[in-house]
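Undergrad: Given next are the chains, with one letter for each unit.
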Amino acid sequence: MFQKNAWYVACTPDEIDGKPLGRKICDEQIVFYRGPGGKPVALDDYCPHRGAPLSLGHMKGENLVCGYHGLEMGGDGKTVAMPSQRVGGFPSVRVYPVEERYGFIWVWPGEREKADPSLIHHLAWAEDPEYACGGGLYHFECNYLLLVDNLMDLSHEAYLHPNSIGQPEILHVDPTSHMEEGSAVTSRFMNNIMAPPLYRAALRGHNLADDVPVDRWQICHFYLPSHVLLDVGVAHAGHGGFEADPKYKAGGVVWDFITPETETSTWYFWGMARNFCPDDKELTEQITKRFSVVFNEDREMLERQQKNLERTRGALLNLNIDSGGVYARRMIEQAIAEERQSERQVA
Amino acid sequence: MFQKNAWYVACTPDEIDGKPLGRKICDEQIVFYRGPGGKPVALDDYCPHRGAPLSLGHMKGENLVCGYHGLEMGGDGKTVAMPSQRVGGFPSVRVYPVEERYGFIWVWPGEREKADPSLIHHLAWAEDPEYACGGGLYHFECNYLLLVDNLMDLSHEAYLHPNSIGQPEILHVDPTSHMEEGSAVTSRFMNNIMAPPLYRAALRGHNLADDVPVDRWQICHFYLPSHVLLDVGVAHAGHGGFEADPKYKAGGVVWDFITPETETSTWYFWGMARNFCPDDKELTEQITKRFSVVFNEDREMLERQQKNLERTRGALLNLNIDSGGVYARRMIEQAIAEERQSERQVA
Amino acid sequence: MFQKNAWYVACTPDEIDGKPLGRKICDEQIVFYRGPGGKPVALDDYCPHRGAPLSLGHMKGENLVCGYHGLEMGGDGKTVAMPSQRVGGFPSVRVYPVEERYGFIWVWPGEREKADPSLIHHLAWAEDPEYACGGGLYHFECNYLLLVDNLMDLSHEAYLHPNSIGQPEILHVDPTSHMEEGSAVTSRFMNNIMAPPLYRAALRGHNLADDVPVDRWQICHFYLPSHVLLDVGVAHAGHGGFEADPKYKAGGVVWDFITPETETSTWYFWGMARNFCPDDKELTEQITKRFSVVFNEDREMLERQQKNLERTRGALLNLNIDSGGVYARRMIEQAIAEERQSERQVA
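Protein sequences, first through last, are from chains A, B and C.
Each residue of the first sequence is one higher than the last, beginning at 36 in my numbering.
Each residue of the second sequence is one higher than the last, beginning at 36 in my numbering.
Each residue of the third sequence is one higher than the last, beginning at 36 in my numbering.
I should point out that these hints are in silico values taken from the structure, not numbers from a laboratory.
The structure presented is a predicted model; accordingly, all values stated were derived computationally and were not measured.
Incorrect hints may appear among the rest.
Because identical chains cannot be distinguished in the list, a pair is counted as satisfied if it fits within a single copy or across any two copies.
To be verified - Result set (DSSO-like, lysine-lysine): computed pairs, CA atoms no more than 30 Å apart in a straight line:
(1) LYS113 - LYS282
(2) LYS74 - LYS342
(3) LYS342 - LYS113
(4) LYS342 - LYS324
(5) LYS39 - LYS342
(6) LYS95 - LYS342
(7) LYS54 - LYS342
(8) LYS282 - LYS54
(9) LYS113 - LYS59
(10) LYS316 - LYS113
Hey, can you work out the whole structure from these sequences and the hints?
TA: Structure, rendered in C-alpha cells:
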C-alpha cells in the first residue's frame with residue numbers, strides 16, 4: 036500500500052535525454068519523455084493501436100513515435116498521427132501529472148485533478164550554487180517501508196557499514212525523535228569522536244585535518260509520501276557541530292527519494308548535496324562512488340529482510356531507535372487512510 | 036487457445052539426428068526421434084516406469100532407451116523391453132501422429148484418429164530444386180497470435196527493421212486484404228523505389244544492380260493452424276514486379292511456421308526459399324544470418340507487447356493495416372470453435 | 036510431506052566455522068552457529084527486532100549478533116543484549132534441537148520435547164580411525180523421495196553412470212530386497228566381472244591389480260527419516276566378495292543423508308568412508324572428485340523427473356528393482372501417518 040495522490044521522483048533528466056523511458060511507479064507502467072516545449076510528459080506505456088510499449092519507440096520532435104507501427108502520440112495522451120490513418124477516433128491513453136523541478140522529474144501516480152505542483156517538496160539546496168550535488172539510482176527488491184525504516188534509524192550504520200560511515204560511537208548516543216508540521220524527525224549528536232572513514236575523506240576533500248576529534252550529527256527528516264532528507268556531517272570538535280561555521284564542517288544534505296515500484300520493489304534515488312568545494316567534481320564523483328558500496332550493503336540486508344517478513348508475516352518490534360520510523364509509518368498510514376476515505380466519499 | 040487438431044511444425048530433421056528431442060508443442064510435452072524404418076516418432080515424453088523424460092535417453096536401433104533405468108520404448112508407445120522385466124503389462128504412453136515432409140517434422144497434438152497427413156500444408160518450393168532454402172528456429176516468450184499479427188502486417192518493417200528490410204515507402208502504400216479458400220491474404224506493392232539494405236544484398240547476390248529503382252512486393256498468406264507464407268522480393272522497376280521474369284528478380288518465399296509452445300510462448304520456424312542462385316550456399320548463409328538480426332528486433336517488441344497485454348487485458352485497435360491479421364484471427368477462432376463443438380458432440 | 040520429528044543432517048562443521056549459516060530444512064528457515072561451549076545452536080533465522088535474517092550477522096563470543104542493528108541472540112533463543120536497550124521483554128525465537136555427532140550437525144525440525152539425541156543414526160565408521168572419509172553437499176531441485184528411490188535402486192548406474200560406476204553386469208543380477216528391524220535393505224552381488232572405471236581407480240589406490248576379475252557388491256540400507264547407507268565395493272574374485280579379507284577389497288560405506296529443504300528441493304549430503312589407505316588424503320580427494328561427476332548426472336535426471344511428475348501427477352510403476360524404494364517409501368509413509376496421528380491426539 037502506498038499513497039497514490041502524491042509527487043514521487045520518477046527519474047532524472049538524463050534518463051529522458053532524447054529518448055523515452057519506461058518505468059513502473061506505484062504499480063503504474065509509465066513512459067516518460069520530453070514533449071511539447073521540452074516539458075516532461077508521463078503516459079500509460081501502452082500504444083492504443085496494439086498495446087506495444089511506447090517506451091520502445093523514439094522521439095519525433097515533441098511527439099513520441101511507437102516503435103512498432105509508427106503511431107505518433109501527443110503529450111495529452113491523444114494520438115496525433117499514424118501513417119495512412121485517421122486517428123480522431125483512437126482511444127486516449129492515461130496522462131499522469133509530471134513536473135521537472137530541482138533536477139528531478141516528479142510524477143503523480145494518482146488522481147490527476149488533485150495534482151498540485153506546489154505540493155512538490157521544496158529542496159532549497161537544489162537551487163543554491165553553493166551546493167554540489169551527486170547521486171545515483173538503486174533498485175531494491177523490497178517494500179519501500181523497509182527503506183524508510185532503514186533511513187530513519189541510522190544506528191544500523193554501526194553494524195552494516197562499519198568500514199565507511201559506521202562507528203561504535205553511534206550506539207553510545209540515543210536518538211531523539213519528534214513530529215513537526217508535516218515531518219517526522221529523528222536526530223543523534225555525537226560529540227568529540229573520531230570521524231569514520233568516509234567522513235575522513237570528506238574532511239580531507241575540504242582541506243580539513245581528519246585526525247582530530249569531531250562533532251558528528253545525523254538529523255533525519257521524513258516527508259510524505261516517502262522522502263527522507265538527512266542533515267549529516269562532522270565539524271572539528273568544539274566549534275558548534277551542526278551549527279558550526281562552514282569552514283570547520285564537512286557534510287551536507289543526503290536525499291533519499293524512495294519511490295515504490297510495486298509492493299515488493301522500490302526505486303531508490305539517493306544523492307548528497309554538500310556545501311563545501313562545490314566546484315570539485317572529482318570530489319563529487321569520489322563521494323558518490325564510496326556511498327554506492329554502502330547501499331549495496333543495505334540492499335542485501337533489506338531484500339533478505341523482505342523475504343523473511345513475507346515468510347513469517349511476523350510482528351516488528353518498535354524500540355526507541357525505531358521511533359523515527361514509527362512516526363514516519365504513522366504519517367504514511369494516515370495519508371493512505373485519508374486517501375481511501377476520500378475515494379469512498381466519491382463512490 | 037490454439038487449434039489442437041492440426042499439423043504443426045515440431046522440429047527440423049537435424050534436431051533428431053541420432054538422438055531424441057524433447058519439445059513442448061501446444062502444451063503437450065513430447066519426445067521426437069527416428070523410430071522404425073527411420074520414420075519420426077512422437078510420444079509423451081514420460082517413461083512409464085518412473086516418469087523420467089524419455090528425451091534424456093538414447094537410441095538403440097529403432098527404439099528409444101530411457102536414460103534412467105533402460106526401459107526400451109517402441110514407436111507405438113508400448114514398452115518393448117527392459118532388463119530383467121516382463122513388460123507386457125506396462126502402461127502405454129500417448130502416441131502423437133507425426134510426419135516428415137518438406138524438410139520438416141510435423142506433429143498433430145490433438146485427437147489421433149483425426150490426423151490426416153494429406154492435410155499437411157503443401158509447400159511446392161520445398162520439393163523444387165530451383166529453390167535454395169535456409170532458415171532457423173526462434174523461441175518467443177509471447178502468445179502465437181502476436182506473431183501472426185506481426186507477419187500479416189508488414190508495415191511494422193518501416194519502424195522495427197529500418198536498417199534491413201524496412202523503408203518509409205512501405206507506409207506510402209496501403210495493403211489490401213481478402214479471404215481466399217482456406218487462406219487470408221494481405222498484400223502491398225511498392226513500385227519504382229530504391230531497395231532497402233537486405234534486398235540490395237540479395238540483388239547483388241543475384242548479380243543484379245542494386246542502385247536502380249525496383250518494384251517491391253509483399254504478399255502474405257495465412258493458413259491454419261498458424262502458418263504464414265510470404266511472397267516477397269524486388270525486381271528491377273518496370274519489368275512486372277512480382278510477375279517479372281526471374282532474371283530481373285531477387286526474392287522468394289519466406290516461411291513462418293508459428294507453433295504454440297504454451298499460451299505465452301511460441302516456437303517460430305523461419306526460413307527463406309529463393310529461386311535464384313540455388314547453389315550458392317554462402318548466399319544462403321548470408322541471408323539467413325542477416326534475417327536473424329531482424330527477428331531479434333521482433334522478439335523484444337513482441338515479448339514486451341505480451342507483458343503489456345497481460346497487464347491491461349486491453350482491447351486492440353483493428354486498422355486497415357491489421358486487416359490481414361483480423362482475417363487470420365477470425366479463421367483461428369472459427370477453427371477452435373468448431374473443434375470445441377465437435378468435442379461437445381462426442382461428450 | 037516429510038517426517039518432522041526426526042534427526043536430519045543440517046550441515047557439516049566447516050560450514051559454521053566462526054560464522055553463522057542460514058539453511059532451510061523441512062520448510063523451516065534456520066540459522067546454525069556455534070554457541071555456548073562451542074556447541075551448535077539452531078534457531079529461527081529471524082531477528083525479533085525487525086525480522087532481519089540472523090544468518091547475515093556475526094559471532095561475538097558465544098552469541099550471534101544481528102548484522103542490522105546489533106541485537107545479540109543467545110543460544111536459548113532469548114535476546115541477550117542490544118545497544119541501549121532493555122531486552123527482557125523481547126520475544127524469543129524458536130530453538131531447534133541440534134547435535135554435533137559423527138562429523139555432522141544434526142537438526143530436529145519438529146516438536147522440541149520429542150527430540151532424543153540417542154535417536155541419531157549410529158555411524159560406526161565415523162568414529163573408526165581405520166576409515167577415511169570424504170564427501171560433499173549437493174542441492175537438487177526435486178522431492179527427496181526421488182533421491183531415496185535413486186539410491187535404493189542402483190540398476191540406474193548402468194544407464195546413467197556408464198563411465199564411472201555403471202556396467203552392464205549390474206543388469207544381469209536381480210536385486211533382492213527385504214525389511215529388517217528399522218531398515219529397508221536391497222542388495223545385489225555380481226561375481227567374477229571386471230570392475231568399472233571408478234572401482235578400478237580404487238583398486239589401484241589400494242595397490243591391487245585392476246585388470247583381473249572381481250566380485251562386486253551393493254548393499255543398500257534405508258533408515259528413517261531419509262538416510263541411505265550403501266555397502267559397496269569390489270574384491271578380487273573368489274576371495275569372498277563383501278566377506279573377503281580387507282587386503283583383497285576396495286570399497287567402503289557410501290553415506291547419503293537426504294535432507295528435504297522444501298517439497299520440491301533437497302539437500303544431499305554424500306560421502307564415502309573407505310577402510311583402506313585411510314591416510315592417503317590425495318586418494319580421498321580423487322574419489323570425492325570423481326563421484327561429483329556422478330551426482331551431476333543424477334541431478335539432471337531427477338530434476339527433470341520432478342518436473343515431469345509435477346506435470347502429470349502420473350502413477351509410478353513399481354518393479355522388482357524398485358522394491359527397495361517401495362519398502363523405504365512405506366516406512367516413510369507410516370512414520371508420517373504416526374506423526375499426524377500423534378498430533379491429532381494432542382489436539
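Undergrad: Which hints, by number, does the structure contradict?
TA: 1, 8, 10
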